[in-house]
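A.B. asks: Chains as they are written, first to last, in my numbering: chain A, 1 to 136; chain B, 1 to 136; chain C, 1 to 136; chain D, 1 to 136.
Just so you know, the hints here were simulated from the structure itself, not pulled from any lab data. As the structure is a prediction and not an experimental result, all values here were calculated from the model. In this text, a Cβ means the ideal position worked out from N, Cα and C, and glycines have one as well. Don't take each hint at face value.
As the list claims (entries may be wrong) - Taking lysine-lysine and the DSS-like style, the derived pairs with C-alpha atoms no more than 30 Å apart in a straight line are:
1. B:31 - D:87
2. C:87 - B:87
3. B:87 - D:132
4. C:106 - B:32
5. A:87 - D:87
6. B:31 - A:87
7. C:87 - A:32
8. B:87 - D:106
9. B:32 - D:87
10. C:106 - D:87
11. A:132 - D:132
12. A:132 - D:106
13. C:106 - B:106
What the hints assert, rightly or not - Some chain B residues well away from chain C (every beta-carbon gap over 10 Å; in silico):
14. 8
15. 74
16. 98
Number of protein chains: 4
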Amino acid sequence: MNSEVNLEELTSRLKEDPYARFLGVEIEQIKKGYARCSLVVTEDMLNFVGLLHGGLVFSLADVAFSAASNSDHLPSYALDVSGSFLKTAQVGDRLVAEASLIHTTKRTGVYRMEVRRGDDLIALFNGTVFRKVSGE
Amino acid sequence: MNSEVNLEELTSRLKEDPYARFLGVEIEQIKKGYARCSLVVTEDMLNFVGLLHGGLVFSLADVAFSAASNSDHLPSYALDVSGSFLKTAQVGDRLVAEASLIHTTKRTGVYRMEVRRGDDLIALFNGTVFRKVSGE
Amino acid sequence: MNSEVNLEELTSRLKEDPYARFLGVEIEQIKKGYARCSLVVTEDMLNFVGLLHGGLVFSLADVAFSAASNSDHLPSYALDVSGSFLKTAQVGDRLVAEASLIHTTKRTGVYRMEVRRGDDLIALFNGTVFRKVSGE
Amino acid sequence: MNSEVNLEELTSRLKEDPYARFLGVEIEQIKKGYARCSLVVTEDMLNFVGLLHGGLVFSLADVAFSAASNSDHLPSYALDVSGSFLKTAQVGDRLVAEASLIHTTKRTGVYRMEVRRGDDLIALFNGTVFRKVSGE
Numbered sequence: 001m002n003s004e005v006n007l008e009e010l011t012s013r014l015k016e017d018p019y020a021r022f023l024g025v026e027i028e029q030i031k032k033g034y035a036r037c038s039l040v041v042t043e044d045m046l047n048f049v050g051l052l053h054g055g056l057v058f059s060l061a062d063v064a065f066s067a068a069s070n071s072d073h074l075p076s077y078a079l080d081v082s083g084s085f086l087k088t089a090q091v092g093d094r095l096v097a098e099a100s101l102i103h104t105t106k107r108t109g110v111y112r113m114e115v116r117r118g119d120d121l122i123a124l125f126n127g128t129v130f131r132k133v134s135g136e
Numbered sequence: 001m002n003s004e005v006n007l008e009e010l011t012s013r014l015k016e017d018p019y020a021r022f023l024g025v026e027i028e029q030i031k032k033g034y035a036r037c038s039l040v041v042t043e044d045m046l047n048f049v050g051l052l053h054g055g056l057v058f059s060l061a062d063v064a065f066s067a068a069s070n071s072d073h074l075p076s077y078a079l080d081v082s083g084s085f086l087k088t089a090q091v092g093d094r095l096v097a098e099a100s101l102i103h104t105t106k107r108t109g110v111y112r113m114e115v116r117r118g119d120d121l122i123a124l125f126n127g128t129v130f131r132k133v134s135g136e
Numbered sequence: 001m002n003s004e005v006n007l008e009e010l011t012s013r014l015k016e017d018p019y020a021r022f023l024g025v026e027i028e029q030i031k032k033g034y035a036r037c038s039l040v041v042t043e044d045m046l047n048f049v050g051l052l053h054g055g056l057v058f059s060l061a062d063v064a065f066s067a068a069s070n071s072d073h074l075p076s077y078a079l080d081v082s083g084s085f086l087k088t089a090q091v092g093d094r095l096v097a098e099a100s101l102i103h104t105t106k107r108t109g110v111y112r113m114e115v116r117r118g119d120d121l122i123a124l125f126n127g128t129v130f131r132k133v134s135g136e
Numbered sequence: 001m002n003s004e005v006n007l008e009e010l011t012s013r014l015k016e017d018p019y020a021r022f023l024g025v026e027i028e029q030i031k032k033g034y035a036r037c038s039l040v041v042t043e044d045m046l047n048f049v050g051l052l053h054g055g056l057v058f059s060l061a062d063v064a065f066s067a068a069s070n071s072d073h074l075p076s077y078a079l080d081v082s083g084s085f086l087k088t089a090q091v092g093d094r095l096v097a098e099a100s101l102i103h104t105t106k107r108t109g110v111y112r113m114e115v116r117r118g119d120d121l122i123a124l125f126n127g128t129v130f131r132k133v134s135g136e
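Working from the sequences, and respecting the hints, build out all of it.
C.D. replies: Written out as structure tokens, the structure reads:
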């Protein structure tokens, strides 16, 4: 693991992440092996049947995944993700995504992401990253 | 399977899908068990290290997944997804996502999604839907 | 949910599950929404490089998944699974798999499976089932 | 990629894979980036409701995954797997699993596994490996 990740600097950089900003994602907290972020559901985040779009839910989780995995080693790149959609949400609801380290090696890491609205679990995902080492 | 899905009407409705529109996704083709859609990468779709954001790549695939699965039965809701990120892309690149039916029962369906830039495979996902029946 | 699952009878039936017996899996506990089972690693469970075979690790988790999901509704059939392999184990080690309900509807359910050797997490999986209703 | 994998030697070693032998898996063919293996379903491979056990189906696919991924680089270790169960099979049926390389880098690789009985697709899985380099 790269012990030199500067979490303040990482947080600043993630607050400027273009796609996260585009979606209105707020980076709430980044600790080593953990990140929490949130957004408020807008009309733009629904699908054609009026439910929360799965792509949006995953995108929020993915921002947390990126923040948590890069807190452990910079840069960490997503290899694989998997997950389940459990509930929907309404316009105006605030969704919170948390990502937590489950297991790491020097070269890979596994994280769990949970998206909630209040106490309701909306979706859960697992993701695996590759830890890039300079010179590779 | 619900044989009464009107593909013309479904296509019209998907062209008004709020999240797909928000991302600039174009619905190119919907056939029974198949859909193709695309977008052009903008600055807003990058992450904080300047690469294509995984959430955006999945979102594009998810629009195709929704279109293909609802072509077989309306409504079909995503239960599970999984996949891998293989390559990145640049601002200005056009990404094409195709979703194809692998297997269906009356109540569930499995689809494969592939996201390409020209001949390059950028990401691949599998997804499973639940076929909702009225009255449930 | 089918409230009539008789957990004593289910436990008896799972103790006769042919594949679980073939692998030497012990069904330790089944409660509503939860199951725990275990096995002791033998030479037959290694792969050609001398590590624990991924197929065996998943098989143990799958026995727990089957027990937990059928405790909530009988019969429940696995639709999708996903997971990660974190550590290996040695001949003679005892592996314990636990499966826990994360979310259920009348027709589907999501479970998390964790395989441990003592406190070490060896592998984790998520799985989704379909709840079959008689007459379908 | 390690270009020095000796496919004849790998095939010999995989034919002695303890878990594959325990399950009665036959290694039919290994080429660079591809493997095919098979087994005949026995009573021991069923679950408590008389259907093919998911753990067995995955195990067969995992043997093919191991063979294909190690043909590209030795050793390659499974990080993540995901997949769907589509159909069951009967005692006496011959199941064939094929694993094919989808994408590789020097350090990781993605493979697709399909399990068939004749023309019927029984299950499909994706898997990602880490390519271990000596000295790590």
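A.B. asks: Does each hint hold? Answer for all of them.
C.D. replies: Verification of the supplied hints:
no.: 1; hint: B:31 - D:87; result: holds, 25 Å
no.: 2; hint: C:87 - B:87; result: holds, 28 Å
no.: 3; hint: B:87 - D:132; result: holds, 21 Å
no.: 4; hint: C:106 - B:32; result: holds, 28 Å
no.: 5; hint: A:87 - D:87; result: holds, 28 Å
no.: 6; hint: B:31 - A:87; result: holds, 28 Å
no.: 7; hint: C:87 - A:32; result: holds, 22 Å
no.: 8; hint: B:87 - D:106; result: holds, 14 Å
no.: 9; hint: B:32 - D:87; result: holds, 22 Å
no.: 10; hint: C:106 - D:87; result: holds, 22 Å
no.: 11; hint: A:132 - D:132; result: holds, 14 Å
no.: 12; hint: A:132 - D:106; result: holds, 12 Å
no.: 13; hint: C:106 - B:106; result: holds, 16 Å
no.: 14; hint: 8; result: holds, 30 Å
no.: 15; hint: 74; result: holds, 17 Å
no.: 16; hint: 98; result: holds, 21 Å
In summary, this structure violates none of the numbered hints.
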